[in-house]
Amino acid sequence: SDGAPEFISPDGERSFKIGGRLQFDASTTHGSRFDDTGADRNVSGTEARRLRLDASGQLARWLGYKLEYDLANNGASVRDAFLKTGFGLGSNDVALYLGNKYDDRTLDGATSSNKTWFMERSLVNEAIAPDRGSYGLGIKGKIYDGGRNWHGSFAITSGEVGRDNDTSDNVTYMSRVHWNPWRSGENMVHLGTWGFYEDFDQTDSTVFKNTRIADHFNENATIRSRGISDPDNSTAYGFELATSLGSFAAAAEYGERAVDQREESGDETMRYDAYSVQAGYFLTGEHHGYSHKSGVWKFPEVKHPLSAGGIGAFEIAARYQGLDYFDAPDYPGGNGRSRTFGLNWYPNDWSRLMVNYILWDTNNRSGDFQGADDGNTLSARVQVVF
Amino acid sequence: SDGAPEFISPDGERSFKIGGRLQFDASTTHGSRFDDTGADRNVSGTEARRLRLDASGQLARWLGYKLEYDLANNGASVRDAFLKTGFGLGSNDVALYLGNKYDDRTLDGATSSNKTWFMERSLVNEAIAPDRGSYGLGIKGKIYDGGRNWHGSFAITSGEVGRDNDTSDNVTYMSRVHWNPWRSGENMVHLGTWGFYEDFDQTDSTVFKNTRIADHFNENATIRSRGISDPDNSTAYGFELATSLGSFAAAAEYGERAVDQREESGDETMRYDAYSVQAGYFLTGEHHGYSHKSGVWKFPEVKHPLSAGGIGAFEIAARYQGLDYFDAPDYPGGNGRSRTFGLNWYPNDWSRLMVNYILWDTNNRSGDFQGADDGNTLSARVQVVF
Amino acid sequence: SDGAPEFISPDGERSFKIGGRLQFDASTTHGSRFDDTGADRNVSGTEARRLRLDASGQLARWLGYKLEYDLANNGASVRDAFLKTGFGLGSNDVALYLGNKYDDRTLDGATSSNKTWFMERSLVNEAIAPDRGSYGLGIKGKIYDGGRNWHGSFAITSGEVGRDNDTSDNVTYMSRVHWNPWRSGENMVHLGTWGFYEDFDQTDSTVFKNTRIADHFNENATIRSRGISDPDNSTAYGFELATSLGSFAAAAEYGERAVDQREESGDETMRYDAYSVQAGYFLTGEHHGYSHKSGVWKFPEVKHPLSAGGIGAFEIAARYQGLDYFDAPDYPGGNGRSRTFGLNWYPNDWSRLMVNYILWDTNNRSGDFQGADDGNTLSARVQVVF
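So the protein sequences, as listed, match chains A, B and C.
To convert, take the position in the first sequence, counting from 1, and add 1; that gives the numbering used here.
To convert, take the position in the second sequence, counting from 1, and add 1; that gives the numbering used here.
To convert, take the position in the third sequence, counting from 1, and add 1; that gives the numbering used here.
Hints are computed from structural coordinates only; laboratory data are not their basis.
C-beta: ideal position from N, C-alpha, C; glycine also.
Accuracy of the hints is not assured; some may be wrong.
Here are some of the chain B residues that sit facing chain A, going by a computed Cβ distance under 7 Å [stated by the list, open to error]:
{"no.": "1", "residue": "Ala5"}
{"no.": "2", "residue": "Phe8"}
{"no.": "3", "residue": "Asn75"}
{"no.": "4", "residue": "Ala96"}
{"no.": "5", "residue": "Leu99"}
{"no.": "6", "residue": "Asp170"}
Calculated lysine-lysine pairs in the BS3-like style (CA-CA distance at most 27 Å, straight line) [claimed, not checked]:
{"no.": "7", "chain 1": "C", "residue 1": "Lys116", "chain 2": "C", "residue 2": "Lys304"}
{"no.": "8", "chain 1": "C", "residue 1": "Lys116", "chain 2": "A", "residue 2": "Lys18"}
{"no.": "9", "chain 1": "A", "residue 1": "Lys116", "chain 2": "A", "residue 2": "Lys294"}
{"no.": "10", "chain 1": "B", "residue 1": "Lys116", "chain 2": "C", "residue 2": "Lys85"}
{"no.": "11", "chain 1": "B", "residue 1": "Lys116", "chain 2": "B", "residue 2": "Lys18"}
{"no.": "12", "chain 1": "A", "residue 1": "Lys304", "chain 2": "B", "residue 2": "Lys85"}
{"no.": "13", "chain 1": "C", "residue 1": "Lys85", "chain 2": "C", "residue 2": "Lys18"}
{"no.": "14", "chain 1": "B", "residue 1": "Lys294", "chain 2": "B", "residue 2": "Lys85"}
{"no.": "15", "chain 1": "A", "residue 1": "Lys116", "chain 2": "B", "residue 2": "Lys18"}
{"no.": "16", "chain 1": "C", "residue 1": "Lys299", "chain 2": "B", "residue 2": "Lys18"}
{"no.": "17", "chain 1": "A", "residue 1": "Lys304", "chain 2": "A", "residue 2": "Lys143"}
{"no.": "18", "chain 1": "A", "residue 1": "Lys299", "chain 2": "B", "residue 2": "Lys85"}
{"no.": "19", "chain 1": "A", "residue 1": "Lys143", "chain 2": "A", "residue 2": "Lys299"}
{"no.": "20", "chain 1": "B", "residue 1": "Lys116", "chain 2": "B", "residue 2": "Lys85"}
{"no.": "21", "chain 1": "B", "residue 1": "Lys299", "chain 2": "C", "residue 2": "Lys85"}
{"no.": "22", "chain 1": "A", "residue 1": "Lys18", "chain 2": "A", "residue 2": "Lys85"}
{"no.": "23", "chain 1": "C", "residue 1": "Lys18", "chain 2": "A", "residue 2": "Lys18"}
{"no.": "24", "chain 1": "B", "residue 1": "Lys85", "chain 2": "A", "residue 2": "Lys18"}
{"no.": "25", "chain 1": "A", "residue 1": "Lys304", "chain 2": "A", "residue 2": "Lys85"}
{"no.": "26", "chain 1": "B", "residue 1": "Lys299", "chain 2": "B", "residue 2": "Lys116"}
{"no.": "27", "chain 1": "C", "residue 1": "Lys294", "chain 2": "C", "residue 2": "Lys18"}
{"no.": "28", "chain 1": "B", "residue 1": "Lys18", "chain 2": "C", "residue 2": "Lys18"}
{"no.": "29", "chain 1": "B", "residue 1": "Lys304", "chain 2": "C", "residue 2": "Lys85"}
{"no.": "30", "chain 1": "A", "residue 1": "Lys143", "chain 2": "A", "residue 2": "Lys85"}
{"no.": "31", "chain 1": "C", "residue 1": "Lys18", "chain 2": "A", "residue 2": "Lys85"}
{"no.": "32", "chain 1": "C", "residue 1": "Lys85", "chain 2": "C", "residue 2": "Lys116"}
{"no.": "33", "chain 1": "C", "residue 1": "Lys294", "chain 2": "C", "residue 2": "Lys116"}
{"no.": "34", "chain 1": "C", "residue 1": "Lys304", "chain 2": "B", "residue 2": "Lys116"}
{"no.": "35", "chain 1": "B", "residue 1": "Lys304", "chain 2": "B", "residue 2": "Lys85"}
{"no.": "36", "chain 1": "A", "residue 1": "Lys18", "chain 2": "B", "residue 2": "Lys116"}
{"no.": "37", "chain 1": "C", "residue 1": "Lys299", "chain 2": "A", "residue 2": "Lys85"}
{"no.": "38", "chain 1": "A", "residue 1": "Lys85", "chain 2": "C", "residue 2": "Lys116"}
{"no.": "39", "chain 1": "C", "residue 1": "Lys299", "chain 2": "C", "residue 2": "Lys85"}
{"no.": "40", "chain 1": "C", "residue 1": "Lys143", "chain 2": "C", "residue 2": "Lys18"}
Using the sequences and the hints given, assemble the complete structure.
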């Protein structure tokens with residue numbers, strides 16, 4: 002965003018900028034049958050979802066950097082922290098990153114949290130993820146089609162910022178490709194696919210991944226994973242399908258992950274998959290912002306911003322999604338689904354108000370919230386980018 | 002402060018600024034009868050009291066933001082992190098804040114830590130406080146009298162930055178009003194009152210609040226609270242009286258808090274109160290800085306700053322204060338008092354040196370330091386704001 | 002560095018600047034006989050070695066400040082956080098610091114981590130250190146010879162940023178002096194000596210200090226200390242000898258530390274010492290950057306930077322070093338040595354690539370890795386300063 006000034010050297014080679022994003026959420030959940038002091042899913046409150054600051058710049062025409070951290074957990078957690086270079090390759094463009102960089106994985110996941118249609122990303126992105134999460138230390142490369150109809154990315158990461166180094170890092174390989182088979186003005190069809198492979202260190206003991214089903218605030222409304230001990234490797238892949246037609250847009254995603262146990266420990270496999278289908282419509286005539294270059298959603302161009310006496314942009318959106326830990330050693334894991342109805346207001350190009358209403362159900366086989374349960378969650382967010 | 006530059010867009014609508022404050026303390030305590038390796042109140046040393054950085058700015062004429070954190074605990078703790086807007090209401094001005102903002106509670110407490118007369122705020126502010134401390138996530142509003150003779154504030158907060166969200170937030174309602182019944186030039190009389198009500202979540206287990214009596218460095222010289230289990234709600238209120246007459250100023254404050262237990266747990270109440278009386282005098286002719294708009298103390302305007310070949314401003318100050326956990330279920334809590342003598346040197350409008358000498362006594366009924374005890378603490382601070 | 006802009010007030014009295022450094026490492030170790038899931042020294046991976054940000058400036062001609070923190074541990078750890086003033090003293094210059102400042106101790110240690118010849122500092126610096134590490138809260142002074150042939154420093158520190166203050170701080174006194182008995186252009190001979198004395202608080206229970214022998218990544222390849230309980234004080238000293246002759250430079254350092262137990266606890270002493278010898282040579286004709294003022298290594302002036310179509314500067318370097326916990330109560334501690342071979346590439350004056358190959362051996366008498374062991378570690382670093 003251009004909320005903070007950018008400083009550029011007289012020769013245009015060097016630059017420096019500070020930026021940030023503030024996201025404040027409120028949330029209330031009702032209807033769960035777990036409603037007492039020991040195990041309460043009907044929780045309410047507020048949180049600072051993201052309090053980010055970053056410094057970025059160019060040290061030369063060919064070398065940029067970024068150092069970003071999030072203060073929302075009342076500490077400083079590193080996000081992007083990388084060096085960047087780029088060059089042409091035939092008619093295409095290549096960007097290379099060294100350091101800690103956010104993953105290119107799923108359409109919803111590769112989209113900035115400032116620009117997703119719903120307050121939280123889809124279950125496909127949240128659940129079908131490597132153990133290290135969405136950031137990893139390593140090398141990432143992206144190639145962009147000269148005609149901006151496709152891009153591909155590849156990443157090799159080893160470990161995380163701040164990890165204890167008394168064991169070897171897990172190594173993760175990840176790739177994503179998108180292609181626009183049809184484009185006409187702002188209308189388009191998007192196809193995408195991605196996958197990753199993780200090689201677990203011999204000392205890694207268990208893979209276990211609960212996933213929140215309501216919103217981020219509610220830590221108790223989760224789909225509970227089954228754990229698998231002594232993991233050897235994990236393989237995951239997914240597909241993306243999306244379209245934007247005038248003020249309407251829709252997207253569908255699917256992903257699956259398999260975690261293989263080490264042979265000497267039993268050679269079992271834990272499998273789970275997730276899907277999401279979502280649609281959005283701008284009541285005020287905007288089209289959905291989309292990057293043909295990177296295959297991700299962008300902020301809409303607000304037709305009637307407040308600063309020009311307008312009312313901003315209004316968008317309605319709906320999503321249906323599910324996650325199922327359908328195969329695990331010994332016994333099945335949990336599953337769950339959610340229906341989300343969203344209303345977004347974009348007063349201008351640097352702020353957004355979001356309201357999400359989520360109907361969710363879970364069926365967990367372990368933990369504090371076993372058995373079938375359902376509830377509804379009302380959430381709101383105020384977001385500003387500077 | 003204007004130690005760091007502010008960047009303003011050509012149309013004057015947007016701005017950006019970085020700021021900070023550095024406070025370094027030294028402290029030594031003597032005279033306590035607890036003086037061995039197991040329980041030592043006669044401790045000495047130094048600490049970085051505050052190492053703050055903040056980014057703030059305006060994104061439009063009607064919307065500002067601030068993101069501030071403190072590095073003094075060798076981590077990054079969030080302080081102010083909010084969005085701000087404002088508008089006129091008749092002849093009055095209204096400011097609204099969304100996010101994490103420092104409370105408007107007690108005269109000494111509402112005053113910036115750069116501007117309080119003593120190194121630490123009064124016991125009224127430190128002890129008669131909500132469980133969440135002096136910051137809370139929520140909405141705060143302030144209304145300022147057009148004639149700048151009074152202001153009122155109201156806040157509803159729910160939870161804190163970085164709190165685990167496995168239970169509902171406590172909700173806190175808070176208000177403060179000040180009025181200047183008399184003003185003549187820089188002379189004035191200040192009246193104020195404030196209060197808050199906390200609604201504890203059903204899962205909250207205990208309210209317990211020790212309060213430091215010497216200075217911030219000494220973690221062992223505290224007045225020990227009695228705990229109350231299963232709190233239902235808490236109510237607190239306080240009064241402020243102050244005057245500034247030429248180079249002399251004085252202030253008196255009182256506050257009381259009651260914490261009610263849940264009915265099914267015994268329906269008991271814990272009560273305690275605190276008071277403080279303080280006076281200050283500028284040897285170099287300045288008057289005490291005071292904001293008629295907000296009802297808080299400000300930095301003095303230094304008559305003879307070092308940069309103009311002067312000696313800066315010198316202030317002497319004294320404070321008497323006490324805190325008493327006089328009523329609690331089962332058995333009484335601790336109590337204590339302190340007399341503080343202070344000398345402040347203001348070389349210019351962005352720095353200050355402080356020396357505090359504190360005579361304190363405590364009478365605790367539990368913990369490592371039971372029974373009557375007293376001691377003296379000598380503290381000093383160097384403070385710079387940029 | 003000048004990667005980020007500096008803002009200077011029109012009168013030149015005030016300034017403000019943001020800076021930072023990014024260091025990303027990769028490391029792989031082989032050859033250790035400890036190679037299983039319980040105790041594995043043959044670990045591999047990557048880490049963000051340093052992710053630093055700092056704000057610094059001048060508030061007046063006579064007063065500067067700096068506030069720096071490191072995000073590499075996925076939190077914010079305070080580094081330099083001080084106020085600074087200076088004045089002339091006869092023909093000499095004096096600088097005074099108040100707050101948290103990096104120590105002036107050993108030639109390799111006093112050199113910035115951006116400018117040391119090897120990825121990690123020598124064992125002399127890493128092991129012959131006070132318990133509080135390389136930063137301490139207090140007052141530091143430096144005096145610089147008007148002819149820039151020597152400097153001296155003295156520091157008194159008490160405690161650390163973020164320490165719990167339930168006991169008194171340890172007080173540490175430290176001094177370092179360097180002298181250039183011969184200088185001719187860029188050629189020089191450097192002599193130096195330093196020492197420190199720590200006064201442990203009566204509540205301090207044990208001194209224990211493991212030291213990494215391979216690189217920073219490998220937390221398991223350490224020389225294990227023997228602990229001494231109830232320490233009373235510690236004394237340490239060291240010597241520096243260095244020379245720079247054309248493109249060649251060499252340095253030798255030695256240091257020893259003794260930790261005395263309190264008399265009533267046994268009055269024992271733990272002793273250990275360390276040495277290092279290193280040499281470097283620029284294949285591209287540069288000389289080793291060196292500050293006659295402060296007696297530390299600096300960045301080389303790259304003769305053929307990339308931006309001018311050159312190949313940058315190439316340096317080869319080798320180091321031999323050892324550490325021995327030769328005397329301790331009851332039983333001996335560990336010892337170890339390493340040989341490091343390094344290749345450094347300086348594309349320009351703000352970036353560096355380093356490769357280090359380390360042959361190490363240890364002989365520990367306690368812990369998970371007892372008995373004689375050896376291995377080899379290959380490490381690489383990418384470093385950018387802005």
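A quick look at each hint next to the structure:
1. Ala5: Status violated, d = 12 Å.
2. Phe8: Since the shortest Cβ distance to chain A is 4 Å, the answer is holds.
3. Asn75: 11 Å, violated
4. Ala96: 16 Å, violated
5. Leu99: 6 Å, holds
6. Asp170: 3 Å, holds
7. C/Lys116 to C/Lys304: Status holds; Cα separation ~17 Å.
8. C/Lys116 to A/Lys18: Holds, at about 26 Å.
9. A/Lys116 to A/Lys294: 16 Å, holds
10. B/Lys116 to C/Lys85: Holds - the C-alpha atoms of C/Lys85 and B/Lys116 are around 22 Å apart, at most 27 Å.
11. B/Lys116 to B/Lys18: This hinted pair holds, its Cα atoms lying about 21 Å apart.
12. A/Lys304 to B/Lys85: Since the Cα atoms of A/Lys304 and B/Lys85 sit roughly 25 Å apart, the hinted pair holds (cutoff 27 Å).
13. C/Lys85 to C/Lys18: Roughly 15 Å between the alpha carbons, so the hint for C/Lys85 and C/Lys18 holds.
14. B/Lys294 to B/Lys85: Answer holds: B/Lys294 to B/Lys85 is near 17 Å, not above 27 Å.
15. A/Lys116 to B/Lys18: The given pair, whose Cα atoms are some 26 Å apart, holds under the 27 Å limit.
16. C/Lys299 to B/Lys18: 33 Å, violated
17. A/Lys304 to A/Lys143: 32 Å, violated
18. A/Lys299 to B/Lys85: Between A/Lys299 and B/Lys85 the Cα gap is close to 26 Å, so the pair holds against 27 Å.
19. A/Lys143 to A/Lys299: Holds, at about 18 Å.
20. B/Lys116 to B/Lys85: Status holds; Cα separation ~23 Å.
21. B/Lys299 to C/Lys85: The given pair, whose Cα atoms are some 26 Å apart, holds under the 27 Å limit.
22. A/Lys18 to A/Lys85: 15 Å, holds
23. C/Lys18 to A/Lys18: This hinted pair holds, its Cα atoms lying about 12 Å apart.
24. B/Lys85 to A/Lys18: 23 Å, holds
25. A/Lys304 to A/Lys85: 34 Å, violated
26. B/Lys299 to B/Lys116: 6 Å, holds
27. C/Lys294 to C/Lys18: Holds, because 23 Å separates the two Cα atoms, which is no more than 27 Å.
28. B/Lys18 to C/Lys18: OK: B/Lys18 and C/Lys18 at ~12 Å, within 27 Å.
29. B/Lys304 to C/Lys85: 25 Å, holds
30. A/Lys143 to A/Lys85: Distance ~11 Å between A/Lys143 and A/Lys85 Cα, so the pair holds.
31. C/Lys18 to A/Lys85: Satisfied, since the Cα-Cα distance of roughly 23 Å is no more than 27 Å.
32. C/Lys85 to C/Lys116: 23 Å, holds
33. C/Lys294 to C/Lys116: Measuring from Cα to Cα gives roughly 16 Å; hence the hint holds.
34. C/Lys304 to B/Lys116: This hinted pair is violated, its Cα atoms lying about 53 Å apart.
35. B/Lys304 to B/Lys85: 34 Å, violated
36. A/Lys18 to B/Lys116: The given pair, whose Cα atoms are some 32 Å apart, is violated under the 27 Å limit.
37. C/Lys299 to A/Lys85: 26 Å, holds
38. A/Lys85 to C/Lys116: Holds: A/Lys85 and C/Lys116 sit about 22 Å apart, inside 27 Å.
39. C/Lys299 to C/Lys85: 21 Å, holds
40. C/Lys143 to C/Lys18: 23 Å, holds
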